[in-house]
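Novice: These are the residues of each chain, in order.
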Amino acid sequence: MAARIGVVTFPGSLDDRDAARAVRLAGGEPVPLWHADADLHGVDAVVLPGGFSYGDYLRCGAIARFAPVMDLVIGGANRGLPVLGICNGFQVLCESHLLPGALIRNERRRFVCRDQRLRVESAGTVWTSSYALGDEIVIPIKNGEGGYVADASTVDMLEAEGRVVVRYLDGNPNGSYRNIAGIANAAGNVVGLMPHPEHAVESLTGPGTDGLGFFTSILSRLVGAA
Amino acid sequence: MWPHDQGEHVARVVVDVMLKPEILDPQGQAILGALPRLGFDGVTSVRQGKHFELEVADGTAEETVRTIAETLLANPVIEDFTVRGA
Amino acid sequence: MGIDTVERAAATPDEPQPYAELGLKDDEYARIREVLGRRPTSAELTMYSVMWSEHCSYKSSKVHLRQFGEKAPATDALLVGMGENAGVVDIGQGWAVTFKIESHNHPSYVEPYQGAATGVGGIVRDIMSMGARPVAVLDPLRFGPADAPDTHRVLPGVVAGIGGYGNCLGLPNVGGEVVFDPTYAGNPLVNALCVGVLRRDRIKLAHASGVGNQVILFGAKTGRDGIGGVSVLASATFDAASADGAGPSKRPSVQVGDPFAEKVLIECCLELFERDIVVGIQDLGGAGLSCATSELASAGDGGMTVDLDRVHLREASMAPEEILASESQERMCAVVAPSHVEEFLAVCARWDVTARVIGEVTSTGRLVVTWRGETVVDVPPRTVAHEGPVYHRPVERPSTQDSLIADDPARLPRPSTPDELRHTLLRMVASPNLCDRSWVTDQYDRYVQGNTVLAQPEDAGVIRISEETRLGVAVATDGNGRYCRLDPYAGAQLALAEAYRNVAVTGARPLAVTDCLNFGSPEDPAVMWQFERAVTGLADGCRALGTPVTGGNVSFYNSTGDTAILPTPVVGVLGVIDDVSRRTPMGFSTATTLILLGDTRDEFGGSEWAWTVHGHLGGRPPAVDLDRERLLAEILVSAAADGLLAAAHDLSDGGLAQALVESCLRGGAGARIALPPGADPFVWLFAESAGRAVVALPPAAEARFTDLCTTRGLPWTKIGTADPASDALDIAASFTIPLADLRVAWTATLPALFET
Chain A
23 MAARIGVVTF PGSLDDRDAA RAVRLAGGEP VPLWHADADL HGVDAVVLPG GFSYGDYLRC
83 GAIARFAPVM DLVIGGANRG LPVLGICNGF QVLCESHLLP GALIRNERRR FVCRDQRLRV
143 ESAGTVWTSS YALGDEIVIP IKNGEGGYVA DASTVDMLEA EGRVVVRYLD GNPNGSYRNI
203 AGIANAAGNV VGLMPHPEHA VESLTGPGTD GLGFFTSILS RLVGAA
Chain B
85 MWPHDQGEHV ARVVVDVMLK PEILDPQGQA ILGALPRLGF DGVTSVRQGK HFELEVADGT
145 AEETVRTIAE TLLANPVIED FTVRGA
Chain C
17 MGIDTVERAA ATPDEPQPYA ELGLKDDEYA RIREVLGRRP TSAELTMYSV MWSEHCSYKS
77 SKVHLRQFGE KAPATDALLV GMGENAGVVD IGQGWAVTFK IESHNHPSYV EPYQGAATGV
137 GGIVRDIMSM GARPVAVLDP LRFGPADAPD THRVLPGVVA GIGGYGNCLG LPNVGGEVVF
197 DPTYAGNPLV NALCVGVLRR DRIKLAHASG VGNQVILFGA KTGRDGIGGV SVLASATFDA
257 ASADGAGPSK RPSVQVGDPF AEKVLIECCL ELFERDIVVG IQDLGGAGLS CATSELASAG
317 DGGMTVDLDR VHLREASMAP EEILASESQE RMCAVVAPSH VEEFLAVCAR WDVTARVIGE
377 VTSTGRLVVT WRGETVVDVP PRTVAHEGPV YHRPVERPST QDSLIADDPA RLPRPSTPDE
437 LRHTLLRMVA SPNLCDRSWV TDQYDRYVQG NTVLAQPEDA GVIRISEETR LGVAVATDGN
497 GRYCRLDPYA GAQLALAEAY RNVAVTGARP LAVTDCLNFG SPEDPAVMWQ FERAVTGLAD
557 GCRALGTPVT GGNVSFYNST GDTAILPTPV VGVLGVIDDV SRRTPMGFST ATTLILLGDT
617 RDEFGGSEWA WTVHGHLGGR PPAVDLDRER LLAEILVSAA ADGLLAAAHD LSDGGLAQAL
677 VESCLRGGAG ARIALPPGAD PFVWLFAESA GRAVVALPPA AEARFTDLCT TRGLPWTKIG
737 TADPASDALD IAASFTIPLA DLRVAWTATL PALFET
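Residue numbers (the numbering used here), protein chains in the order written: chain A, 23 to 248; chain B, 85 to 170; chain C, 17 to 772.
Worth double-checking, as some hints may not be accurate.
[To be verified] Some residues of chain B that are not near chain A, with every Cβ distance over 10 Å (derived):
#1 Arg96
#2 Val98
#3 Phe124
#4 Thr128
#5 Glu137
#6 Ala141
#7 Thr144
#8 Glu154
#9 Phe165
#10 Val167
[Claimed, not checked] Some but not every residue of chain A turned toward chain B, in silico, with C-beta under 8 Å:
#11 Arg81
#12 Ala84
#13 Glu117
#14 Ala124
#15 Ile126
#16 Arg127
#17 Glu129
#18 Arg131
#19 Val171
#20 Gly197
Calculated from the structure, these hints are not laboratory results. Virtual Cβ for every residue (Gly too), placed ideally from N, Cα, C.
Make a model of the complete structure from these sequences and hints.
Specialist: Listed below in structure tokens is the structure:
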């Protein structure tokens, strides 16, 4: 029986179907989760997908963070439920304080969509265990508010505790501190990243399949635990 | 308690939100860069923020508005806010 | 002064009305009075003035556009032709694709971000109203000179607006163009194309049929956006005084868009279509509610009642004229059976979309609109929507045309030494019209929906429709104002041929056409001559190629003072590919033999070389041979299906040199080129002869492919090899340029101009 991965749809979510496809291609069963339903339907993990939830009104992710489904996601995450936040999903995780820091407007003030080289800085999270530390991968980024910021002590802590998950190579596309592209919580079950692994799961429609690892990691973890 | 200027049952409060001084403000910088092109040379800094005007029930405590501000209107990780009666 | 009701209008026949200020001519006003048997009410006058404007009624272009229908080639693939919101084509396996291109030129000059953004919003709603899920957008853009201050004002705003709106909707941007020319300095052209997908048995039309069916207005609330925008703005040319930036007087008429509202509207509509509870649907674009109600009523059973009090307003103080003319964005109008109304409203509520029943379909043959209990509109809807004025504008070939053609570019000094050729090539690839467009296109999301197989800078956008069968479509847009100035008939055919070729070169079979015709003032006989010639050329061309026009748009009044823009018909072609994994990309990345297909001639009229190096526009555009284009396309499509091609790229602006540079930089492989003995290098490198493509063949496929060409009678010339071990473009016995140098020249231009 395939592991069940929930994918949340907020009003304005865009990459929910693509995240579901990635789960499917990795061998899992995607389960749609509606923002207004306080029900996780017994899923084994949750993905908060990319997009412009609530049109990015007020701040990216600021309103989505209060959706009924998020009460369960936050509660679950604090008890070890694996949660992956992609782009807008990362913004929601920061607004929810499941992850430290915040995402601000790109330094160049322009939306940027490009194939980005990244280095895997941590293979110790449930979402990155399929990779090897130091792997260099290519995954599309597409964002206008992707600059990761946090105060110096927070950033130092993230580095010291090995909680930087992926880092930008060959140029920082948005001004993120220390070229940080994605981070994890202390327990390693919650990961947020700006790049879109769900767009690098088929050679036909992406720059390659380097993104599949995020989804195979969680599945192998869940299957292993079953 | 807030002074009310219109009507008996409603008060107007203003919440101003600004990025913390240490946070990069690319939009403010873009505005600063544009001013000389328009002929204004004496501006040395521009920071962009948000201004919220709320109409609240008369008798609403200041603490309540501050909670609204820090829970939703501002992100305390990167923003500071001020609250005042309008 | 009370409400101007129908009753009051009948009782006060001589009351003066500001019809001229609203853009109506004396004879048009007289006709309205004749149709109604009395003077129109103020609200009726509003409806007629916006609906009879050039933008909505096509009054100057109808007589010529008829050719698209009259000369339409017979094809089984066409499910919905001209006259509906968009054309629909059958692509097989039960799938249908709808696509259309539109312009939003004048608003983008006034307010670049919102003008471009609402242009995207408008065309996406047209596609939605056919019952389709929008799946891709393309944007052909034309601006004044790249280094002009006003271009610096307009271009970044337009690009940010397209990205800001399209990205938020979740639509991948997969193609388009960016063209710079002084002619567009006061008149940028912002054309937007949208492609949508649906099951062929679920097509929706904009018909209000079924007496008693309810009319529901849903989406954003109605405000004062864009009031008068359509007739006032689109038909007003800009005079020289405001050429450096439109003054505040033009601003209030521009619409403001909210892409989030449209995104939830898309999802809401798709759920409504899925539940099959929509009888007819129309989007609200230019002329807002006036247009939606009159068109729905006119195309249906002929009658409708509407109560304006039921319209959700942003400002309670809006007058009926304002409600009818409002161009507030993100609104749709649906016709729903009474038994389905509750379900319809519940779906809207789930998506937080405002919705309300505002009227009903009747059998009276009249469109009756009430407000505050009074009848303010009572008209035959056909006279508003489909029986507007038809003009036969004077057409006159300009006296300057002959001398323009006689000004042959053959007399211009040409580069001949290897150094001169090398220098010319570097100068060309760095020129604004040939350089890398990433600065623009990286601001667009190309990945969302996960079905983008090819996107710019590839020759066409290719979208996968079915994950199971890998069925897909390809779309390309092209246009060339310079060619059309020299010969509008041939120029229109060249635009069609180029878009057709761009689709075929990726391996897709071209099926149908949409067009956006951007011209100067129809009151100028020289412009009408250009228009008539271009439409005739396009109609004849579509017949010859077997690809019918399914719909499109006309944008007139693109002039500054008396100076019209270069006539710029933009043509979009859509094709189908049975297996997207067999598509042909453009980059050279493996060791291959390079073959040039077609004939190269010494023809430089309207070319990038003549313009960039000599500022010259004269002579004749490249010769058109549509039979050759058909043959070339057939071979490219069948070779792709057989997996013979490693890469292919069509030749157009900048000729063979530009194509080689683009393919080498795209794929990373260098190339060694040896032109045929006796070939004039200048002509072979820079002429823009049509009907050509360069293909890269793996050694195993070479003989089979060239035999195919020989058998079918397609001329082919081996011109060299691509080699990933080489890091240069080498033209034998002439010059060599390292790819690194080419990349620097090609990529530096737009960032240097627009990066702040």
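Novice: Could you run down the list of hints and mark each one as holding or not?
Specialist: How the hints compare with the structure:
The claim that B/Arg96 lies off the interface holds: its Cβ sits roughly 20 Å from the closest Cβ of chain A, which is beyond the 10 Å cut-off. Residue placement check: B/Val98 keeps its beta carbon more than 10 Å from all beta carbons of chain A (closest about 16 Å). The claim that B/Phe124 lies off the interface holds: its Cβ sits roughly 20 Å from the closest Cβ of chain A, which is beyond the 10 Å cut-off. At roughly 20 Å, the least C-beta separation between B/Thr128 and chain A is larger than 10 Å, which holds for a residue marked as non-interface.
At roughly 14 Å from the closest C-beta of chain A, the C-beta of B/Glu137 stays outside 10 Å, upholding its exclusion from the interface. For B/Ala141, the requirement that its beta carbon stay farther than 10 Å from each beta carbon of chain A is met, with the minimum near 21 Å. The beta carbon of B/Thr144 sits about 20 Å from the closest Cβ of chain A, which is more than 10 Å, so the claim that it is off the interface holds. B/Glu154, annotated as away from the interface, keeps every beta carbon of chain A farther than 10 Å; the closest lies near 12 Å.
No beta-carbon of chain A is positioned within 10 Å of the beta-carbon of B/Phe165; the least distance is around 13 Å. Every Cβ of chain A is farther than 10 Å from the Cβ of B/Val167; the closest lies at roughly 17 Å, confirming the non-interface assignment. For the restraint placing A/Arg81 at the interface with chain B, the shortest Cβ-Cβ distance is roughly 6 Å, inside the 8 Å limit, so the hint holds. Of the supplied interface hints, the one on A/Ala84 holds, with its beta-carbon coming within about 7 Å of a beta-carbon of chain B, less than 8 Å.
Evaluation of the A/Glu117 hint against chain B yields a held restraint, the C-beta minimum of about 7 Å falling below 8 Å. Evaluation of the A/Ala124 hint against chain B yields a held restraint, the C-beta minimum of about 5 Å falling below 8 Å. Interface hint at A/Ile126: satisfied, since its Cβ lies 6 Å from the closest Cβ of chain B, which is below the 8 Å cut-off. Satisfaction of the interface hint for A/Arg127 is found here, the shortest Cβ-Cβ separation to chain B being roughly 5 Å, below the 8 Å cut-off.
At its closest, the beta carbon of A/Glu129 sits 5 Å from a beta carbon of chain B; the interface hint therefore holds under the 8 Å criterion. Taking 8 Å as the C-beta contact cut-off toward chain B, the hint placing A/Arg131 at the interface holds, the least distance being around 5 Å. Residue-level restraint check for A/Val171 holds (minimum Cβ-Cβ distance to chain B is 6 Å; threshold 8 Å). Against a cut-off of 8 Å between C-beta atoms, the interface hint on A/Gly197 holds, since the closest Cβ of chain B lies about 6 Å away.
Checked against the numbered hints given earlier, the structure satisfies every one of them.
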